[in-house]
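> Construct the entire structure; sequences and hints are all you get.
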Amino acid sequence: MESFYATKLDEFAQGKISRRALLETLTVAATTTAATSAASAPASDPALKIQLVNHISYNCPDFKKGADWYSKVFNLDQVGATKIDVALPFGKKGEKPFGVTANDVPLSSLIIRSRDLNAPPQGGGAPRRKSRALIEHMGYTVADFDRERAKAELKSLGVENVRDGGLYSLHMTDAYGYDVQISGVANNALTDGA
Amino acid sequence: MEKFIDRLIRDFESGRLGRREFCQMLGIASAIFAAGGPEANAAPAGRGFKALGINHVSYLCPDYTKARDFYSSTFGMQVTNDKGKGRANLAFGPGPDKGGNFLVVHNPGANPPKPTEALIDHVCYTISNWDEGKVRGALKAKGFDAPTGRDGSLHVYDPFDYDVQFANAVQENAFRRGA
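Order-wise, the sequence lines are chains H and E.
In this text, residue positions in the first sequence follow this note's numbering: the first is 1, and each later residue adds one.
In this text, residue positions in the second sequence follow this note's numbering: the first is 1001, and each later residue adds one.
Just to be clear, a hint being listed does not mean it is correct.
Calculated pairs, BS3-like style, for lysine-lysine (alpha carbon to alpha carbon, straight line, at most 27 Å) [said to hold, decoys possible]:
1) K1050(E) with K130(H)
2) K151(H) with K1114(E)
3) K1050(E) with K92(H)
4) K155(H) with K65(H)
5) K64(H) with K1050(E)
If you want the footprint, here are the derived chain E segments under chain H, 3+ residues with CB under 8 Å [unchecked claim]:
6) 1087 to 1097
7) 1132 to 1142
8) 1151 to 1160
9) 1164 to 1175
Stretch by stretch, here's where chain H covers chain E in the computed footprint (C-beta under 8 Å, at least three residues) [unchecked claim]:
10) 1007 to 1013
11) 1051 to 1058
Derived from the structure by calculation, the hints contain no laboratory data.
Predicted model, so just to flag it, every value in this text is computed and none were measured.
In this text, a Cβ means the ideal position worked out from N, Cα and C, and glycines have one as well.
Dropping the structure here:
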């Protein structure tokens, strides 16, 4: 199908078809083609093959403030609150994660926490190691992503430091200045950084 | 879709997108349209966005090749977009254009990230068809003799001492907290 796109693009570049004709032809072709590019990595041991992110453990000074920002921007419910944390699943109870068919893969969620990471572990054990790696930003997939519309929406929500992230995503900072990226599904393992 | 293609044509006309990239992006968009279902194309409800899930986790470390090899050989993540230039994408879950997640492992860039008051102290991954004996046996074969945690939810450290948790749907499920 890509050779068809290339042919039509060449015809447009050579002035053989109009921009409108190119747009209509490609739209029809793209929406009636069921192409797939799913990747399936052979796991070294199937028992350890990861299916999806289960949760992201996000630690900040005031978990309620942090959670409210994510609820506001991403329309996420807050469930299972304790004195130190709350979970924000990406969906409603009973729903399956986007793109997942297995019954034993729960919705991914954010767990927003306020805890002392240097505190000795409960019940003894070794203290937490000091990591030399850092999760320096998180990317989230949103439905019907349109960069310009998203910018306007973020502005109306009072989100700070909104900036372009390549052709198909936006970056911003959350309530604690943490770098957050949003995109549609077009930003994926094959296209990001390609 | 028409709006998306219109933008692609604009990017092509302005030179921001090459012929090859144009065709690739359209191919991907077509696949997404065909496979994404209503969620991927649905308008967000009310204010804010309809979040579908995690897109990627951006992991900064001193040597991305070590992280790449660890996560691919231990957890079966698929290496993509590794051009030997300090970063790689490690895909897992559904297909990349169908809601799959990926871990971007990368070396430090020219501009170090600004310190913030927030920190992601660990990432937990779901393993389907969890078999306690097989999971622990596979870990042992990889040299992890004493993972911490509990049955159905375990922790190990990666090569850069980053806390990695993996669990089944019973032990780690937002709707079962406190159950």
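> The structure should be examined with respect to each hint, and the outcome stated for every one.
Now for the hints, and whether the structure bears them out:
1. K1050(E) with K130(H): violated, 35 Å
2. K151(H) with K1114(E): holds, 23 Å
3. K1050(E) with K92(H): holds, 12 Å
4. K155(H) with K65(H): Within the cut-off at roughly 19 Å; holds.
5. K64(H) with K1050(E): holds, 21 Å
6. 1087 to 1097: holds (count 10)
7. 1132 to 1142: holds (count 7)
8. 1151 to 1160: holds (count 3)
9. 1164 to 1175: Coverage by chain H holds here, the residue count being 9 at a Cβ distance below 8 Å.
10. 1007 to 1013: Held - the segment 1007 to 1013 of chain E has 3 residues with a Cβ nearer than 8 Å to chain H, which meets the minimum of three.
11. 1051 to 1058: This one holds; 8 residues, not fewer than the three required, reach chain H with a Cβ under 8 Å.
Hint 1 from the earlier list is the only one contradicted by this structure; the remaining hints agree with it.
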